[in-house]
Amino acid sequence: MSEEQIKNLEEQFEARIARDEKIEPKDWMPEKYRKTHIRQMSQHAHSEIIGMLPEGNWITRAPSLRRKVALLAKVQDEAGHGLYLYSATETLGISRDEMYEQLHSGKAKYSSIFNYPTITWADMGAIGWLVDGAAIINQVPLCNTSYGPYARAMIRVCKEESFHQRQGYEIMIKLANGTPEQKEMAQDALNRWWWPSLMMLGPTDDVSVHTAQSMKWKLKRKSNDDLRQQFIDQTVPQAELIGLTIPDPDLKWNEEKGCYDFGEINWDEFWQVVKGHGPMNKERMKARVGAWERGEWVRDAAMVHAEKKQERKQKQAV
Amino acid sequence: MKNKNLYNYILGIADNSLILGQRMGELCGHGPSLETDIACTNISLDLFGQVRSYFQYAAKIAGDGRTEDDIAMLRKEREYKNVLLVEQPNTDFAFTLGRQFLFDVYHLAFLSELQKSSDLTLSAIANKCIKEVSYHERFSSDWVKRLGDGTEESKQKMQDAINSLWTYTDELFHQTEVDKAMVEEGIGVDVTQLKEEYYKKVSQLLEEATLDIPESKWFQKGGKEGIHTEHLGYLLSDLQYMQRTYPNMEW
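Line by line, the protein sequences are chains L and R. Heads up, the first sequence is in the working numbering, so the first residue is 422 and it goes up one at a time. Heads up, the second sequence is in the working numbering, so the first residue is 40 and it goes up one at a time.
Please note that a few of the clues may not be correct.
Simulated coverage check for chain L against chain R, where a stretch passes if three residues somewhere in it have a Cβ under 8 Å from a Cβ of chain R [said to hold, decoys possible]:
(1) 476-482
(2) 485-494
(3) 499-511
(4) 597-609
(5) 714-722
With the C-beta cut set under 7 Å, the calculated list includes, among others, these residues of chain L facing chain R [said to hold, decoys possible]:
(6) M473
(7) I576
(8) H726
The calculated lysine-lysine pairs, modelled on DSSO-like cross-linking and capped at a C-alpha distance of 30 Å, are [unchecked claim]:
(9) K184/R <-> K595/L
(10) K580/L <-> K639/L
(11) K730/L <-> K240/R
(12) K428/L <-> K443/L
(13) K729/L <-> K240/R
(14) K730/L <-> K260/R
(15) K595/L <-> K115/R
(16) K729/L <-> K194/R
(17) K239/R <-> K730/L
(18) K167/R <-> K240/R
(19) K736/L <-> K194/R
(20) K730/L <-> K170/R
(21) K240/R <-> K734/L
(22) K239/R <-> K155/R
(23) K734/L <-> K155/R
(24) K639/L <-> K456/L
(25) K643/L <-> K428/L
(26) K604/L <-> K115/R
(27) K736/L <-> K184/R
(28) K240/R <-> K43/R
(29) K707/L <-> K194/R
(30) K99/R <-> K729/L
(31) K184/R <-> K194/R
(32) K580/L <-> K637/L
For the record, the hints were derived by calculation from the structure and aren't laboratory data. Since the model is a prediction, treat every value here as computed from it, not as a measurement. Here a beta-carbon is modelled for each residue, glycine too, at the ideal position from N, C-alpha and C.
Full structure from sequences and hints, please.
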């Protein structure tokens, strides 16, 4: 293809996106579009899978049968999200095994929030309320993103995430209205998860490298700072409603702007965790890689068994 | 308690699902593939759903203010009545699926009989559970076949698992005094009647999986009377942790 032809295709492609048309797997797309989507979608899938670990940590210790069943169902939903996000990413010409390889080698990233430990039951509430809450704010705009398979996956993911968010908040309500010990547990979880949740919405706009291009492709529709503000404005009244205090002395309502002003985020901590030195980075990868390696003989056996079955079938046919 | 036998009988059934559900729940996020991970979590979820139905009924019978959670999480080790099979640890995937298979074949046969119970609640619960359990049985049987008739390594691991777990199978057909009383009342299932068909079915599948059927006639029992293996105590420490650490609170 000549340079001019490619330029022509690119123009047509950008025009389609501008008209809000969906790009489908068999459509022509610029290499950069493909690569950017593989990066973001696989990162999203990895986050779902790694995200199973901090919550899975409390399945055996959930305080009641009802909570245990709800937590199991939630973690199972996340595995399901991982599954169809991997499938959606595969439509861009990469296999799930290749994506795993990137995750396990540390080349691919996942949401840093999962590198914090879940040390009390209240963390199950805080994760649902804050982490899923922030995830929804990130993800709802993606239901209209330009790449068809991703947009459709996100519609389903968002429905389930919003259920998880309510479930998490409901855990917090129960704790906040419980005994002093329970309330303290809830406040402590909020104290630990608040700042990492704000960081989840990404670096500030002035240092965010991907924003401009992603906006054009509708992979992003609002800037990180706008999303963060939306999250804060939405969450502060929820905390107040149940009598919990946001751990930010600088937080106050700004009448003029019609939103909350908030304190300085510790970006050094953010980058420390992103670069692999958070409290749980090594443990999460160890658990993930360990499960994968321990499972190798199982996956091999399943392949060999399927081949044997196929052979027998063919022999019978002859 | 007026209906002490019925209460204890329900606990005997439910504890199997409770303890096995707990074991399967341990694996969440640690499975050999995403698909098996989801399936194992799903089995755990089904089992805990069953547990809730049983214990809600048991709480109603007890009628002393105890809840499903009190019954599930606040008994002492000797008061759990599950069979030894279900408390065995997740040594590896072959053990996990082998344990599941050896229990599922029994569980399916048991529920199919429990559907005929003269106790309408138990019969209704059995009716609901049997659909889930027939899926469990298909899943675990398929995996025993895959691992048995897979690679040399998987065959060896599957055989080791079956050999180790075999000793716990006979207990499934052991009758306690409560069981006998319940059979007499037309409420309970006569598990002794399920034994022959169980070993026939299990043996057939093991053959299909190109595995040897263990010949050992030495069996372990005790779980139904509350005499467990050393594994149970640790499982209970997790299961009961919150209820013990924060007594009398709502979650």
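Quick rundown of the hints versus the structure:
Only when three residues or more bring their CB closer than 8 Å to a CB of chain R does the claim for the stretch 476-482 of chain L stand; here the count is 4, and the claim holds. Counting residues of the stretch 485-494 of chain L whose CB falls under 8 Å from any CB of chain R gives 8; the rule of at least 3 is met. Restraint check on the stretch 499-511 of chain L versus chain R: 5 residues with Cβ-Cβ distances below 8 Å, three needed, restraint holds. Residue count for the stretch 597-609 of chain L with a Cβ under 8 Å from a Cβ of chain R: 4. That meets the three needed, and the coverage hint holds.
Three residues within the 8 Å Cβ limit are the bar, and the stretch 714-722 of chain L against chain R gives 8, so the coverage statement holds. Proximity of M473/L to chain R holds as hinted, the smallest CB-CB distance being about 4 Å (cut-off 7 Å). A distance limit of 7 Å between C-beta atoms decides the matter here; for I576/L the minimum to chain R is near 20 Å, and the interface restraint is violated. Hint on H726/L holds. Least Cβ distance to chain R is approximately 4 Å, under the 7 Å limit.
With a C-alpha separation of about 46 Å, the suggested pairing of K184/R with K595/L is violated against the 30 Å cut-off. A hinted pair counts as satisfied when its Cα atoms are at most 30 Å apart, and K580/L with K639/L qualifies at roughly 20 Å. In summary, the hint linking K730/L to K240/R is supported, as the alpha carbons are separated by about 21 Å, within the 30 Å threshold. Proximity of K428/L to K443/L is assessed by CA-CA distance (about 20 Å); at most 30 Å being required, the pair is judged to hold.
Simply put, K729/L and K240/R have alpha-carbon atoms about 23 Å apart, close enough for the 30 Å limit, and the pair holds. Of the pairs offered as hints, the one joining K730/L and K260/R is violated, with about 38 Å between alpha carbons and a cut-off of 30 Å exceeded. Note on K595/L and K115/R: the hinted pairing holds, with a Cα-Cα distance of about 27 Å set against a maximum of 30 Å. Between K729/L and K194/R the alpha-carbon distance is near 14 Å, which keeps this suggested pair within the 30 Å criterion.
Of the pairs offered as hints, the one joining K239/R and K730/L holds, with about 24 Å between alpha carbons and a cut-off of 30 Å not exceeded. Among the hinted pairs, K167/R with K240/R is consistent with the structure: their alpha-carbon atoms are about 23 Å apart, no more than 30 Å. Between K736/L and K194/R the alpha-carbon distance is near 23 Å, which keeps this suggested pair within the 30 Å criterion. Taking the CA atoms of K730/L and K170/R, the gap is near 27 Å; set against the 30 Å cutoff, the hint holds.
Straight-line distance between C-alpha atoms of K240/R and K734/L comes to about 24 Å, which keeps the hinted pair within the 30 Å bound. A C-alpha spacing of about 23 Å is found between K239/R and K155/R, which places the hinted pair at or below 30 Å, so the restraint holds. With a CA separation close to 40 Å, the supplied pair K734/L and K155/R exceeds the 30 Å bound. Straight-line distance between C-alpha atoms of K639/L and K456/L comes to about 15 Å, which keeps the hinted pair within the 30 Å bound.
For a cut-off of 30 Å, the pair hint linking K643/L to K428/L stands: about 28 Å separates their Cα positions. For the proposed pair K604/L and K115/R, the alpha carbon gap of about 29 Å is at most 30 Å, so the pair holds. For the suggested pair K736/L and K184/R, the alpha carbons sit about 20 Å apart, so the restraint of at most 30 Å is met. Restraint check for K240/R and K43/R: the C-alpha separation of about 34 Å exceeds 30 Å, so the hint is violated.
Proximity of K707/L to K194/R is assessed by CA-CA distance (about 27 Å); at most 30 Å being required, the pair is judged to hold. Pair hint K99/R plus K729/L does not hold up; C-alpha atoms about 53 Å apart against a cutoff of 30 Å. A C-alpha spacing of about 9 Å is found between K184/R and K194/R, which places the hinted pair at or below 30 Å, so the restraint holds. The suggested pairing of K580/L with K637/L holds, with an alpha-carbon distance near 25 Å, which does not exceed 30 Å.
When each numbered hint is compared with the structure, violations occur for hints 7, 9, 14, 23, 28 and 30.
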